[in-house]
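Chain by chain, the residues run as shown.
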Amino acid sequence: MNEFVVHSQLRWWVRSFLLVFKSSFRSFWIRKSFWFGIFVFSVCLLILFPFALGTEFIQKLPVQLGCFWAIMEFVAVVSLGQCFYFEYEAMMLDVFLTSPMPKSTLFIAKIAFLTVQIFSLSLFVFLFWSILFHVQAIHSVTNLVCFLLLTFLFSVSSASLGVVVHGLTSRSLAKEILHPILFFPFQTGVLLGVSSLSLSCLGFAPLSAVWGQATWWTLLFVYPTIFITLAFLLAPIFFEE
Amino acid sequence: MFLSKSLFQTLPKVVAKPVRFWDTFLLLSALMQLFAWYFALFLIGADTDQGDVYRILFVHVSVAWCAFFWFFASAFFGLRVFFQRDQQKAKAHDFSSHTSMEMALVFSSLVLMTGSFWGRPTWGVWWDWDPRLTSSLVLFLMGCGYLLLRYFTPQASYRIKISAIVSIISSINVPIVYYSVNLWRSVHQPQTFVQRTHNASGDIQLVLLINLMATFLLSIALYKVRRQSISLQETLQEFRGYQ
Amino acid sequence: MISCESISIQFGSEVVVENLSFSLQKGSSLALIGPNGCGKTSLLKILAGLARPSHGQVLYGTDTKNNHENPLQKNLSCLYLSALPAFFLDQSCLENLNLYLSCYNKTYHIDYARELFSKAGLSKKMNSPVRTLSTGQKRKLTLICAVLTLPDLLLADEPSLGLDKNGVTFCLEIFNKLKENNVSFIIASHDDVIVKWCSDVLPLGSFSSQTRNAVPKKLMAIL
Amino acid sequence: MSDYGNSAWQWFVYGSYVFVACVVVVFAIYALKVRNSSLKSLLQEGFLENKEDQ
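Here the protein sequences come in this chain order: U, D, S and H.
Heads up: the first sequence at position 10 corresponds to 10 in our numbering, and the numbers run straight through without jumps.
Heads up: the second sequence at position 109 corresponds to 109 in our numbering, and the numbers run straight through without jumps.
Heads up: the third sequence at position 13 corresponds to 13 in our numbering, and the numbers run straight through without jumps.
Heads up: the fourth sequence at position 31 corresponds to 31 in our numbering, and the numbers run straight through without jumps.
Check before you lean on any hint, since a few could be wrong.
As the list claims (entries may be wrong) - No farther apart than 16 Å at their CA atoms in a straight line, the calculated lysine to aspartate or glutamate pairs in the EDC-like style are these:
(1) S/26 - S/180
(2) S/165 - S/191
(3) S/196 - S/173
(4) S/26 - S/200
(5) S/124 - S/111
(6) H/33 - D/234
(7) U/103 - U/240
(8) U/22 - S/95
(9) S/179 - S/200
(10) S/125 - S/95
(11) U/32 - S/90
(12) U/175 - U/89
(13) H/33 - D/23
(14) D/91 - D/238
(15) H/40 - D/234
Hints in this document: simulated from the structure, not taken from any laboratory.
With these hints in hand, go ahead and build the complete structure from the sequences.
Below, the structure written as structure tokens:
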């Protein structure tokens, strides 16, 4: 592989990555109601937790954070539900797969698109959550930045895991049941990391949290890279007939 | 042994020999397991602080070891499915991966049950978020996910590949879960519950070893019998055209 | 251009196609005919790289020396027109056309596209969503996409399905235009006009063998 | 270590042993039944003849 071929291959990979990214954005933009529907679903969840737990109980910070991450988990699963929905509906997958585009771009672009979608949803959920739950812990910019970085890492890992799970179950029946069942057990590591990190980030930091932080951060960075490389390696297998 | 005499005669030699061998092996290992349990229940004295309740330790630990062994064995066979060029051998490894995941499922459900049976009298609670127990619960969930995925994919050639992938990913996930639960517990509840018997005296370890060996042999026999039943059933379905 | 060595397609234990080998030169066209269920569509899917045959392999490449199993390595662009036209139904015809062309890294001149649309009778529908098109019109849109992308290999599954009289003539016109640009075809069709147009014919009915009705000794040993 | 109601320990200890034994026996019986029934139907439908390997 001389240098020219490698360079042109890389440019071709990035070009088709942008192509799939733009096409999923365009089909998303045409059906904006999907995004809005998921946001309304998350607001329903925002109401559900205080009704279930009682308003005075959710004053405590750990409970508030727990509710936030539980809502984010469901928002991630629901928004991943329509991960290849437009392509399936329009049977465009065959066109993408037979065209000379490298197959991995389809999945990596989907991961990027879903990360943006989940992260945008989490911003709005964060806004309404801090209002409805009277969250006082976000008092400094560093808190806020740390919290948003956590939500971004959460979105990347759930998007990459979701695309891998969708690729695996592309030919199976009863997808609605299979996706949550395959999604949640693999998400436990990230959920634990994110919840305990956000706890220590926002000031409720017992002594041992400082030691715990370094290892949690490595887990949160290692986890999405594992699943992104998996999506990259398994691309030829995913949608095989 | 467990096959009717008339049916056994008509079997071709290649199939008859392993069927008979593993049936006898199953019986022998079952007897050995009963002996090991008898040994654990009656022949050694009660523990100093936990009284007789600690005897559940023998069955709990041996079943836990088998659960984790078969889980990683399923991932191992999953890997072999990928690196196998020959179609028939890949199918055979897929049968083994499927069977060992089923064994992991059965044994991890046993671990959960004996764990809660043990927790009730010693710690007064049916379930404890102990890293080992929690990771065997997550293992159980992933096993169920694996079997459901297999059940819901009708196409054989695709099912073989994605089941191998799911078993490999789940085996990657178990250490992550164990590690993160361990870390998570140390942040929330510092160790209030007493650790398991560290000062295990000589004969307890001996009995534990015997129990481990007996349960492991029993699980190997169960694995082989179940492996035969799965491969025969799937071959039958394939030849009937169910794929 | 493309050659298969002893391909066999299996649905469970029923062998639909048994060690079929053929090779296709650049610019020539091949028609697959045969009764329903003789594996035409699955063979096309295998040639397009969407599926994997149970035995044998498919080689792509201009000359037999450096053949590759995967079409991408040889950057051979092949277009697969499936039986159901594949478009984003909510996006307009032009947007779908742009998507097809950018997938194949090709550009086109708007007047040429407008002329093709008017010839196909779709000039009014250029900017309306594909949802409003009938199946015949969608079929013509796939043909327009085919002629604009100019793939090296065109795999078409029933290209004339749902086309009326002048639809078929439009389809043949498109094929002739593609043939001038040295495009090779593999078409599965029941339409005699299309089959006569192709240079050679491959009947698939004769390749299916009766089902193997015994577990091979080797598999028994692994049981 | 207070007495955790050790008087009823037999229930838990014997219960767990009996439970493990039952699950293992049920699993073995299920596996054997499936194996024998599929063997019988394979034989009946003539898939296991000693023909030469195709």
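Hints and how they fare:
A threshold of 16 Å between alpha carbons decides the hint, and for residue 26 of chain S with residue 180 of chain S the separation of about 12 Å falls inside it, so the pair holds. A hinted pair counts as satisfied when its Cα atoms are at most 16 Å apart, and residue 165 of chain S with residue 191 of chain S qualifies at roughly 12 Å. With a CA separation close to 14 Å, the supplied pair residue 196 of chain S and residue 173 of chain S stays within the 16 Å bound. Taking the CA atoms of residue 26 of chain S and residue 200 of chain S, the gap is near 13 Å; set against the 16 Å cutoff, the hint holds.
At roughly 14 Å between alpha-carbon atoms, residue 124 of chain S and residue 111 of chain S fall within 16 Å of each other, so this suggested pair holds. Between the alpha carbons of residue 33 of chain H and residue 234 of chain D the distance comes to roughly 15 Å, so the proposed pair stays at or under 16 Å and holds. Our distance criterion of 16 Å between C-alpha atoms is met by residue 103 of chain U and residue 240 of chain U, whose separation comes to about 11 Å. Using a Cα cut-off of 16 Å, the hinted pair residue 22 of chain U and residue 95 of chain S holds, with the two alpha carbons roughly 12 Å apart.
With a CA separation close to 14 Å, the supplied pair residue 179 of chain S and residue 200 of chain S stays within the 16 Å bound. About 12 Å separates the Cα atoms of residue 125 of chain S and residue 95 of chain S, which keeps this hinted pair within 16 Å; it holds. Pair hint residue 32 of chain U plus residue 90 of chain S holds up; C-alpha atoms about 12 Å apart against a cutoff of 16 Å. A threshold of 16 Å between alpha carbons decides the hint, and for residue 175 of chain U with residue 89 of chain U the separation of about 15 Å falls inside it, so the pair holds.
For the hint linking residue 33 of chain H to residue 23 of chain D, the alpha-carbon distance of about 13 Å falls within 16 Å, and the restraint holds. A distance of roughly 12 Å separates the Cα atoms of residue 91 of chain D and residue 238 of chain D; the hinted pair therefore holds under the 16 Å criterion. Taking the CA atoms of residue 40 of chain H and residue 234 of chain D, the gap is about 14 Å. The hint holds against a cut of 16 Å.
Of the hints listed earlier, there is not a single one the structure fails to meet.
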